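Engineer: Here is what each chain is made of, one letter per residue.
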Amino acid sequence: MPGRFHNLELEQHASEIALLTEKREFEPDEYLRNAATALHRTQYEIALQMYTRCLERSRTVIPAWVGQVQMLVMLGEHREARLWADKALELFTNNGELMAAKAQACARLSDRKASFACSDGSLQAPGSSPWRWQVRGEVLLAAGEPHYDACFTKALQERSADWFDRIIIARIYLYYRRATNALAYAKAALDVNAAAAAAWFEMGNCQAQLALLGAAHSSYARCLELQPDFIEARRALEALKAMPLSQRVRRWLRLGGKG
Amino acid sequence: MQCLNCEFENVPGMARCVRCHSALDLGGVAVLPPRASRWRVLTHWSRRWHVLTTTVRSLWSSRPRWANMTRTEVSGVGVAWSFLPGLGLIKHGSKHWGYAVLGVWLMILMATVVTIGLPVSPVLLNVAVVIHVASVLWFLGGEFNFYRRSTVALFGLVVFGALRLLVYQPFIWFGQQFYSSVSFGNLVPGDVIANGDALLHEGPWLRPEQFSRGDIVLYDIDGFTENQFILRDGVGLDRIIGLPGEQVAVRDGQIQINWKPLDPKHYPLGSLNLPPGTDPIVAGPDEYIIFPTRIQSFVHGAVVVGPPLARISRVSAENIRGRVVFRLHPWSRFGRLE
Chain A
1 MPGRFHNLEL
11 EQHASEIALL
21 TEKREFEPDE
31 YLRNAATALH
41 RTQYEIALQM
51 YTRCLERSRT
61 VIPAWVGQVQ
71 MLVMLGEHRE
81 ARLWADKALE
91 LFTNNGELMA
101 AKAQACARLS
111 DRKASFACSD
121 GSLQAPGSSP
131 WRWQVRGEVL
141 LAAGEPHYDA
151 CFTKALQERS
161 ADWFDRIIIA
171 RIYLYYRRAT
181 NALAYAKAAL
191 DVNAAAAAAW
201 FEMGNCQAQL
211 ALLGAAHSSY
221 ARCLELQPDF
231 IEARRALEAL
241 KAMPLSQRVR
251 RWLRLGGKG
Chain B
1 MQCLNCEFEN
11 VPGMARCVRC
21 HSALDLGGVA
31 VLPPRASRWR
41 VLTHWSRRWH
51 VLTTTVRSLW
61 SSRPRWANMT
71 RTEVSGVGVA
81 WSFLPGLGLI
91 KHGSKHWGYA
101 VLGVWLMILM
111 ATVVTIGLPV
121 SPVLLNVAVV
131 IHVASVLWFL
141 GGEFNFYRRS
151 TVALFGLVVF
161 GALRLLVYQP
171 FIWFGQQFYS
181 SVSFGNLVPG
191 DVIANGDALL
201 HEGPWLRPEQ
211 FSRGDIVLYD
221 IDGFTENQFI
231 LRDGVGLDRI
241 IGLPGEQVAV
251 RDGQIQINWK
261 PLDPKHYPLG
271 SLNLPPGTDP
281 IVAGPDEYII
291 FPTRIQSFVH
301 GAVVVGPPLA
311 RISRVSAENI
321 RGRVVFRLHP
331 WSRFGRLE
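Note that the protein sequences, when read in sequence, are chains A and B. Sequential numbering from 1 applies to the first sequence in the numbering used here. Sequential numbering from 1 applies to the second sequence in the numbering used here.
Calculated directly from the structure, the hints in this document are not laboratory data. If you're wondering where the values come from, they're calculated on a predicted model, not measured in any experiment. Warning: the hint list may mix true and false statements.
Unchecked claim - To give an idea of the chain A side of the interface with chain B (calculated C-beta under 8 Å), a few residues:
| no. | residue |
| --- | --- |
| 1 | T52 |
| 2 | L72 |
| 3 | G76 |
| 4 | W84 |
| 5 | F92 |
| 6 | N95 |
| 7 | R108 |
| 8 | S110 |
| 9 | R159 |
| 10 | R177 |
Said to hold, decoys possible - Label-pair distances were calculated between CB atoms; the ranges are:
| no. | chain 1 | residue 1 | chain 2 | residue 2 | range |
| --- | --- | --- | --- | --- | --- |
| 11 | A | E25 | B | L154 | 22 to 32 Å |
| 12 | B | S316 | A | L245 | 57 to 67 Å |
| 13 | B | M14 | A | A194 | 28 to 38 Å |
| 14 | B | M1 | A | P126 | 18 to 28 Å |
| 15 | B | G185 | A | L245 | 35 to 45 Å |
| 16 | A | V192 | B | L84 | 52 to 62 Å |
| 17 | A | V192 | B | G103 | 49 to 59 Å |
| 18 | B | A162 | A | Q124 | 48 to 58 Å |
Glycine included, C-beta positions come from ideal geometry on N, C-alpha and C.
Given the sequences, and given the hints that come with them, work out the whole structure.
Structural biologist: So this is what it looks like as structure tokens:
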């Protein structure tokens, strides 16, 4: 018997199939753009496939290697992410972005020592990027150390930082159940780009975790206004409507997070 | 041949960059990342572990900072006045809510006292404590910046335990030193005291040194096993028949104290069903004679009850808890016990 998400799953499945079975080969940049789009929509599996396709076209695209590790982390496959980061670091020794990705995987595996070592290495490696500072902040947050927010602020001060870096920080906070902090960064992303559907979606996630269900409903609705094919947002909206009372009470009890 | 990692120009044909040792030829490198197993057992357990540790860590980080208390705007006077629910609110300016809380708390306390002896009394007492806790939390909540309701609930439990044990229990203990309530549910049916009656008996501070004949007392029963007789530990309730040193005998259904008939108003609460020829019972210097007429007994076969009866009936003075003086419930029979 089909569930309430049956149609949504079919839709997503259809769009995934369309993208993944596209016979025409794209340029690596095109694959990277597709991956970024999928990342915005939290379609991590599709993003991982896009990064892999990019590498099949050209193994020299380091951002694709980094993206693979990041997507494995977002999919919760932390062990595999660390393994793949090690493999990539054998090819690109001391690459700052890869070391940061490995640090994130180690942090989520609660391997504090390794995460600090990799994060230190990523900051010492040549170059700088918002990603390295975001991971530094996550490593400090995971370890319960102070000054994690200073690292996130530093990440946003990087020249290449954009609205989506605020979303990345919000997602990091949400992973560690700091919905109040996450909400602040989601709002900051909207201040930079009010037409970003992903920012509204993330705002909705933060509000839902804070048991602000009415506000979450509005945020998801605005996301869908901007991108009607944002399947994750529609799924979240359906789940919100169908949330049982026990789950609402549980969310209410977990309200907020320490600032 | 430029290294992709550090952009150093290497000599063609090198396998690795001489500066950063990154691979220069990526032709045969696999690009498919390893994936978690189909059932993803480790992934699921890893996620659950992360949820657990993160929740515990965030709860710990959200704990109230007692060291910061003096740096907040908590009114010490207001907190001190909260020893009486609602008073702190009144002193702090929320007069209406303060009087409402105080009024409700007093009503519930009165209900607790009125229903002493009934099962609902301890429940009402706990409700009163909850109101007290709520008034303290309400008063402190705005000052402490509680973000997590679960932390508030946890703190409320701590305050509940502290108030119940450190504030209310001492009052209850103090009151029980004067009078205490008791209720029986398995007495042999009788007229004076029925099953379910809530009775008030003297506590240790009001218990007299010497008891009088006819006093209805509550006493501890020391169990024993003798021949074919088994008696379990428990609590008994009946009139004192014989005083220390006296001899009590039953002849033709009449009780005799030192061979003189006993005044019927001092007879036991229940009926005597003693077998003929029961030997007289002599009370020791620190013993009273109390016939166990209200205690349920079960006899299987032919049992000689004389010796064990004598043993049960001789109650040591220290086993007597106190006189049962008042009946609280049912309200239709509220009053002193005759």
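Engineer: Which of the listed hints are not met by the structure?
Structural biologist: 9, 11 and 13
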